[in-house]
Amino acid sequence: MKFGVIQFPGSCDEVDALAAAARVGEAALLWHGDRDLRGADAIIVPGGFSYGDYLRAGAIARFAPVMESVIAFARDGGLVLGICNGFQVLCEAGLLPGALLGNANRRFTSRQVALRVERADTPFTRTCAPGARLSIPAKHACGRYYADELTLDALQARGQVVLRYAPGHNFNGSLRDIAGVCNEAGNVLGLMPHPEHAVDELVGGSADGLALFQSIARTPQAPAAGGVGAGAG
Amino acid sequence: MLIRPKAGILDPQGEAVKRALPALGFDGVGDVRVGRLVELDVADPAQLQAMCEKLLANPLVEDYELQLLDGSA
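Chains as they are written, first to last, in this note's numbering: chain Y, 942 to 1174; chain U, 39 to 111.
Derived from the structure by calculation, the hints contain no laboratory data. Remember, predicted model here, so these are calculated numbers, not experimental data. Watch out, some of these pointers could steer you wrong.
Keeping only pairs whose Cα atoms sit at most 16 Å apart, straight-line, the calculated EDC-like set for lysine to aspartate or glutamate is [to be verified]:
(1) U:92 with Y:1009
(2) U:44 with U:103
(3) U:44 with Y:1090
(4) U:44 with Y:1089
Start from the sequences, fold in the hints, and give me the full structure.
Below, the structure is given as structure tokens:
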């Protein structure tokens, strides 16, 4: 499994994402100005402050040359994981539903959060037990997941809510405690917390984040374009 | 171009301002919404709408309003 990690001006978590991916496969950085994904089997859009987060987080990065290729790759069924700023970029790009708004507490907040795995049958969570609890750090100012009620109902009905904040851990005010959502086909996932910072107990206090990278690595390299299927959200 | 959070969406910035004003003695402040202003000098104002939809606003969560000013304004 070859991971490609996008690097925008202002990215700051691409090195940790690269190191996390390298634990389970090959990993290379992809520059925002290039269109070539260099044969990557999975793309990670990392955290940070792409293009300074000017205008809105992810609004400008979404039009970077590399994103044209990432959008085409995702539409063909390629695996794309967006973390924090990467989640914002994927929402702005229309690859994921909804938007990330300013935290309800109005603060940049950095803390360890507990997540509940709602769907353990996606390419990103297949090594997790259904309902498993993951301890992963979150650090952001704009992480309040928002979509209108109809969209939220549809996401839930289609099983696109992959990760939720455990009770008491939804510090940013995300609607329905949503921490991570996938697209309808199930090959694109975005989440606000940072699995790449929780791959080593010595320095991360938890290695729970590794499960996402292991899951991707164990996914067949030509992902079936089938949907995630209906199920409880 | 004026951009503001859509009605019904929590605006934490507006809430903070709403709470700050009475503390300064300004009473009777109802709802406060904080948005932003983008000033553009454009050759073809017909493109403004598309600029808003594609980049300047996120129509999912923001409303926008265009105000055209002539060059002397």
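Hint check: residue 44 of chain U vs residue 103 of chain U, CA-CA at most 16 Å. Holds or violated?
Answer holds: residue 44 of chain U to residue 103 of chain U is near 12 Å, not above 16 Å.
Residue 44 of chain U paired with residue 1089 of chain Y [C-alpha distance capped at 16 Å]:
holds, 11 Å
Decide if the proposed pair is consistent with the structure: residue 44 of chain U and residue 1090 of chain Y, CA atoms, cutoff 16 Å inclusive.
Within the cut-off at roughly 14 Å; holds.
Does residue 92 of chain U pair with residue 1009 of chain Y here, judged by a C-alpha cut-off of 16 Å?
It holds: about 15 Å lies between the C-alpha atoms, which stays within 16 Å.
The structure shown violates none of the earlier numbered hints.
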